[in-house]
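> Protein chains in written order, with numbering that gives the first Met the number 0: chain S, 0 to 350; chain B, 0 to 350.
Hint data in this document are derived by calculation from the structure and do not stem from the laboratory.
All residues carry an ideal CB built from backbone N, CA and C; glycine is no exception.
One should not assume that every hint holds.
Calculated Cβ distances over 12 Å to all of chain B for the following chain S residues [claimed, not checked]:
id: 1; residue: LEU25
id: 2; residue: ALA54
id: 3; residue: SER82
id: 4; residue: HIS115
id: 5; residue: GLY212
id: 6; residue: GLY223
id: 7; residue: ASP244
id: 8; residue: SER246
id: 9; residue: LYS260
id: 10; residue: PRO274
id: 11; residue: ALA275
id: 12; residue: ARG281
id: 13; residue: SER285
DEER-style ranges, computed between Cβ atoms [to be verified]:
id: 14; chain 1: S; residue 1: GLY212; chain 2: B; residue 2: ALA319; range: 34 to 44 Å
id: 15; chain 1: B; residue 1: ARG316; chain 2: S; residue 2: ALA20; range: 52 to 62 Å
id: 16; chain 1: S; residue 1: PRO274; chain 2: B; residue 2: PRO288; range: 38 to 48 Å
id: 17; chain 1: B; residue 1: SER285; chain 2: S; residue 2: ILE183; range: 43 to 53 Å
id: 18; chain 1: B; residue 1: ALA319; chain 2: S; residue 2: SER112; range: 45 to 55 Å
id: 19; chain 1: B; residue 1: ALA150; chain 2: S; residue 2: PRO329; range: 33 to 43 Å
id: 20; chain 1: S; residue 1: PRO274; chain 2: B; residue 2: ALA258; range: 55 to 65 Å
id: 21; chain 1: B; residue 1: ASP53; chain 2: S; residue 2: LEU328; range: 44 to 54 Å
Covered stretches of chain B (chain S as the covering partner; in silico rule of three or more C-beta atoms under 8 Å from a C-beta of chain S) [said to hold, decoys possible]:
id: 22; segment: 37-47
id: 23; segment: 102-116
id: 24; segment: 164-171
id: 25; segment: 209-220
id: 26; segment: 225-233
There are 2 protein chains.
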Amino acid sequence: MTTAEAPTPLPGPGLAHPGVAQARQLLPPLLRDRVARLGSELGAICAYQLGLCDAQGEPAQGHGGKLIRPAFTLLCSAATGGSAAEVLPAAAAVELLHNASLIHDDIMDGDRSRRHRPTAWVRFGVPRALLAGDALIALGFEVLAEPRQPATAAAIADLAGTLRRLAIGQDGDLRFERETEREIAVDECLAMLGGKTGALLGCACRMGVRHAGAPPGWADAFDGFGRHLGVAFQIVDDVLGIWGDPSVTGKPVGSDVRARKKSAPVVAALRAGTPASAHLSRWYASAEPLTDDQVGTVTALIEEAGGRYWALAEADRRVAAAWDLLDGLPLDPAARRDLVDLTTTLTARRH
Amino acid sequence: MTTAEAPTPLPGPGLAHPGVAQARQLLPPLLRDRVARLGSELGAICAYQLGLCDAQGEPAQGHGGKLIRPAFTLLCSAATGGSAAEVLPAAAAVELLHNASLIHDDIMDGDRSRRHRPTAWVRFGVPRALLAGDALIALGFEVLAEPRQPATAAAIADLAGTLRRLAIGQDGDLRFERETEREIAVDECLAMLGGKTGALLGCACRMGVRHAGAPPGWADAFDGFGRHLGVAFQIVDDVLGIWGDPSVTGKPVGSDVRARKKSAPVVAALRAGTPASAHLSRWYASAEPLTDDQVGTVTALIEEAGGRYWALAEADRRVAAAWDLLDGLPLDPAARRDLVDLTTTLTARRH
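The shape of chain S in the complex, shown without the other chains (with noise of 0.2 Å):
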């Protein structure tokens, strides 16, 4: 049991893995303590929002994200020789910029569950929840720009320009998702999950690797890594939120296909040319609800068609181009070992 004082734990869907474990001791501290300077109001959504307290302001158990883009930056940080305390606010910023994205995409996407709870917009309302998005975006930017170091202006026009790629990536989805006539080819959609997903965890990467003593060109390589993980961690997301258990990814059965996403499995089982493609498509043009039989019969023909299988090989594929960036780097062999299981934890996250 801990005390509401010290760093609540904050198990995840089955990850229990060292740099997670790191991650969630050293964040929730430094976390809570940025969202205090939020006064208790908006505090409350934004702690919310990043799993710190449930939606009455007690101390959360088990609700909050899996911090893994932090994770990542402390590991590649201690994989190239940096300590977790000189890439901490690095870690931190980059944790407040993927939350601030969270509860912004979930007002545009209308989505309402969230890590087995009401998404922010749903518990507190639209307005508030967009300007706890923009407190979050503040802290972030805040974090890195205090420890006032020669490298700490690039940090931030890199953590900037992060925001700026995400926005980008995100305004892309959004029309490709309304892009009803046109057929959406999987390098398309490849480009997008890079845009959108592949460009917060290739910074969380590269701002591990921007410690004193970092060799210089190493940001390069491990922002490839982040960038190609980013994709497989989305691609498997996306196998799971339409072959998922409910109970571990923490959104209603079939939502995905309910919501008609073009997510990769479906666009790659729509492009495959098969009989079951030719079904699938039809099913996707019709804005009619889906009925829970329906919902099945869409789920079976996007398997039928490759979708499924795609999306894995493809996942594995971006798993295998990540480590060729880094083929040859000295890199620590402890913190080398945590990074490969951590993906692999990730990647076979298949149910």
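Go by the hints and put chain B onto chain S.
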């Protein structure tokens, strides 16, 4: 006549002032360059919001913001011996943050019209307008972070703190509008204005004093100067929102009264303890839509209860308090005169 490539003059409502003219000459090329980083789709929304183009993407003539905040940054810099080139990124950052705040506030408040044309969410939909706001925040931090000088980290922390305070202030405003049971005190209303609009003009002014050679300690004086002026300008805007000419304000007649906004003149009128106050209070307690005649009646009651008189006197008090803070500082006389003129022009917008 200008070509599309040349800096487009953006004439505002009756603001012919050398400081504003300088901002209008220097800012648009930099803003255009930054907005281009967003690509054509998201960039078009941001260019529309910034008044750089119309809804069809054509260069705008006369729909731009008044660039008052960057004008203050440039004038405060000139008054303290800085150059426009040194503080231009800061002036741009303040204008970008201001527009991010406007685009998000318009979504939250459901406002449909700004600067004589539809607000961005009306034109482009809520999701994409929300993202455009995030993108403007990103551009603001990016433009400020790129000159990698020793003072950059401090300036970034300052901008992030301002964004945080803007969010807290706007959240206070949202809760304020929701409180139908409790009477709002005039002091609370002024504190809320200080958080919401004072914070950004304070930032604009102290950013102007963040140049090489600015005497230490002056930033605080200019911060207070900007905060007082921000409150004064907001009060004058509130007066215009009730009694202003729609052809000047760009808002429909009586829209603030129709929305029962608890702006400063209304709060003062409600708390004045006059018979008109009691009468006004009954109108504000009802949720029934107001007819045009009733809007006229309520407007007259606000005036009768002393709301307009109090507001304009408070604006004058704030302007005097602002100048008191700069009293005795050896400012550049020409720049000081320009600051006085601009302040007078802005607080004289009483029709």
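> Are the hints correct? Go through all of them and say.
Structure-based check of all given hints:
1. LEU25: About 21 Å separates S:LEU25 from the closest Cβ of chain B, which puts it past 12 Å; holds.
2. ALA54: holds, 17 Å
3. SER82: holds, 20 Å
4. HIS115: S:HIS115 is indeed farther than 12 Å from all Cβ atoms of chain B, at 25 Å.
5. GLY212: holds, 20 Å
6. GLY223: Correct as stated: the minimum Cβ-Cβ distance to chain B is 21 Å, above 12 Å.
7. ASP244: holds, 29 Å
8. SER246: Holds, because the least Cβ-Cβ distance between S:SER246 and chain B comes to about 30 Å, which exceeds 12 Å.
9. LYS260: holds, 15 Å
10. PRO274: Given a closest Cβ separation of 35 Å, the condition holds.
11. ALA275: holds, 32 Å
12. ARG281: holds, 27 Å
13. SER285: holds, 23 Å
14. S:GLY212 <-> B:ALA319: 34 to 44 Å: Since S:GLY212 and B:ALA319 have Cβ atoms about 55 Å apart, the given range 34 to 44 Å is violated.
15. B:ARG316 <-> S:ALA20: 52 to 62 Å: holds, 57 Å
16. S:PRO274 <-> B:PRO288: 38 to 48 Å: Roughly 57 Å apart at Cβ, these two residues miss the hinted range, so it is violated.
17. B:SER285 <-> S:ILE183: 43 to 53 Å: With a Cβ separation near 51 Å, B:SER285 and S:ILE183 satisfy 43 to 53 Å, so the hint holds.
18. B:ALA319 <-> S:SER112: 45 to 55 Å: Once the Cβ atoms are compared, 54 Å apart, the range 45 to 55 Å for S:SER112 and B:ALA319 holds.
19. B:ALA150 <-> S:PRO329: 33 to 43 Å: holds, 37 Å
20. S:PRO274 <-> B:ALA258: 55 to 65 Å: holds, 56 Å
21. B:ASP53 <-> S:LEU328: 44 to 54 Å: holds, 51 Å
22. 37-47: Check passed, 4 qualifying residues.
23. 102-116: Three-residue rule met by the segment 102-116 of chain B, so holds; n is 4.
24. 164-171: holds (count 6)
25. 209-220: With 0 residues close enough to chain S, the hint is violated.
26. 225-233: With 0 residues closer than 8 Å to chain S, the segment 225-233 of chain B misses the three-residue bar; violated.
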